[in-house]
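Trainee: Residue numbers (the numbering used here), protein chains in the order written: chain A, 1 to 112; chain B, 1001 to 1237.
Errors might be hidden in some of the hints.
[Stated by the list, open to error] Pairs of lysine to any residue residues, derived as SDA-like cross-links and limited to a Cα-Cα distance of at most 25 Å, are as follows: (1) A:Lys83 / B:Lys1195; (2) B:Lys1120 / A:Ile40; (3) B:Lys1195 / A:Val29; (4) A:Lys25 / B:Ser1139; (5) B:Lys1120 / B:Ser1139; (6) A:Lys76 / B:Ile1040; (7) A:Lys83 / B:Lys1163; (8) B:Lys1120 / A:Lys83; (9) A:Lys76 / B:Leu1037; (10) A:Lys83 / B:Leu1034; (11) A:Lys83 / B:Lys1100; (12) A:Lys83 / B:Met1041; (13) B:Lys1098 / B:Ser1169; (14) B:Lys1163 / B:Leu1046; (15) B:Lys1100 / A:Cys62; (16) A:Lys83 / B:Gly1204; (17) B:Lys1100 / A:Gly28; (18) A:Lys83 / A:Val95; (19) A:Lys76 / B:Met1041; (20) A:Lys83 / B:Lys1098.
[Unchecked claim] Over 12 Å on every C-beta distance to chain A, these chain B residues come out as not near it, computed from the model: (21) Val1111; (22) Val1133; (23) Trp1197.
In short, the hints are calculated from the structure, not lab data.
For glycine and all other residues, C-beta sits at the position ideal for the given N, C-alpha and C.
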Amino acid sequence: MSEHKVNEVLDTEPTHHSEHIVSPKVYGVIFAALLVGTAITVAASYANFGIFNPIVALGIACTKAVLVILFFMHVKYSSRLTKLTVAAGFFTFIVLITMSMTDYISRAWGLW
Amino acid sequence: MHDAHAEHAHAPHLRHHFETVEQQREASSFGMWLFLLTEIMFFGGLFTAYLIYRNWYYPAFVVGSHQLSIFLGTFNTAVLICSSFTMAMGVHASELRKRKELVGWLVATLVLGSVFLGVKAIEYHEKWEKHHVPGLNFSVQEFTHPSDKYKEEPPLPMDMAQKTQVYFSLYFAMTGMHALHMIIGVSILLVLIAKAWAGHYTTGHMTTIENFGLYWHFVDIVWIFLFPLLYLISRHQ
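Please put together the full structure from these sequences, using the hints given.
Mentor: Set out below in structure tokens:
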């Protein structure tokens, strides 16, 4: 059946083209950065930064998440549609959280 | 007629409603991301609840979080990051069409995922033994009258001590939903490993592996936020 013959050019998924493949070296570097980030966030939790402890912890967590999204999840190498989708999703999420928080902050924070 | 057919020759994995495999792959990836965005909203709701209640019942959340083991939490974080790395390498092996490598990386991911769940089970068991499971097995004794083991903890008044149940409810809801996602992931991995062994994802069609990778990394990201919020940030209060 000729119609089921795979056309190498058109019918294989394009990730085997060199420009789409992320090299294992990149994965290794990101992997190491994530482990270092974990070590830093644990170490930072033993230091007393007062009200900045949660901010430092969340800052490190956001950095780690961005590394995972960009490299492990290939968003850095993806189409504009994918990038827009991811960005729009996080933007909507932040809008929702901000609106909930605005409501709570405006109700005598801490005096329930 | 025969020529017309030859013109439309296509790979067996190309569904007829797509023009090209590239279009099919893009649509599939797009759909997977839309699903993950709904997951972000779902976990985001839990995170927002945690944020608000933490400010609301702050002393209860501080002593509650001191009950968790930082060692086990850190260990599990490292395990999950390792599993994300092995998953990324699995996708890479699939792109290079190396069947045995792909199976190897997927098995490594499966093992690491199972280790994570095992450690989580140990932590849950400890919560049960310490009577820290709201609704099933809960006692405020340790928070109103701290035992010698936790003598640095200030004793809480009864009404605030009761609110540690809010902390533990959110702890179980968030880590429980995360663990459920891990269990689903591990189950899917079993199927993927069997199909990968049969050579399904190493012939130029690796969308399934890629999308599963996206799911697995997403679950990792959720834990990257759960770990500091539940285990770490109240260390000094």
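Trainee: Now look at each hint and say whether the structure bears it out.
Mentor: A quick look at each hint next to the structure:
no., hint, in the structure
1, A:Lys83 / B:Lys1195, "violated, 30 Å"
2, B:Lys1120 / A:Ile40, "holds, 22 Å"
3, B:Lys1195 / A:Val29, "violated, 30 Å"
4, A:Lys25 / B:Ser1139, "violated, 51 Å"
5, B:Lys1120 / B:Ser1139, "holds, 21 Å"
6, A:Lys76 / B:Ile1040, "holds, 19 Å"
7, A:Lys83 / B:Lys1163, "violated, 42 Å"
8, B:Lys1120 / A:Lys83, "violated, 34 Å"
9, A:Lys76 / B:Leu1037, "holds, 17 Å"
10, A:Lys83 / B:Leu1034, "holds, 12 Å"
11, A:Lys83 / B:Lys1100, "violated, 32 Å"
12, A:Lys83 / B:Met1041, "holds, 18 Å"
13, B:Lys1098 / B:Ser1169, "violated, 45 Å"
14, B:Lys1163 / B:Leu1046, "holds, 17 Å"
15, B:Lys1100 / A:Cys62, "violated, 35 Å"
16, A:Lys83 / B:Gly1204, "holds, 24 Å"
17, B:Lys1100 / A:Gly28, "holds, 20 Å"
18, A:Lys83 / A:Val95, "holds, 18 Å"
19, A:Lys76 / B:Met1041, "holds, 22 Å"
20, A:Lys83 / B:Lys1098, "violated, 29 Å"
21, Val1111, "holds, 17 Å"
22, Val1133, "holds, 25 Å"
23, Trp1197, "holds, 20 Å"
Checked against the numbered hints given earlier, this structure breaks hints 1, 3, 4, 7, 8, 11, 13, 15, 20; the rest are met.
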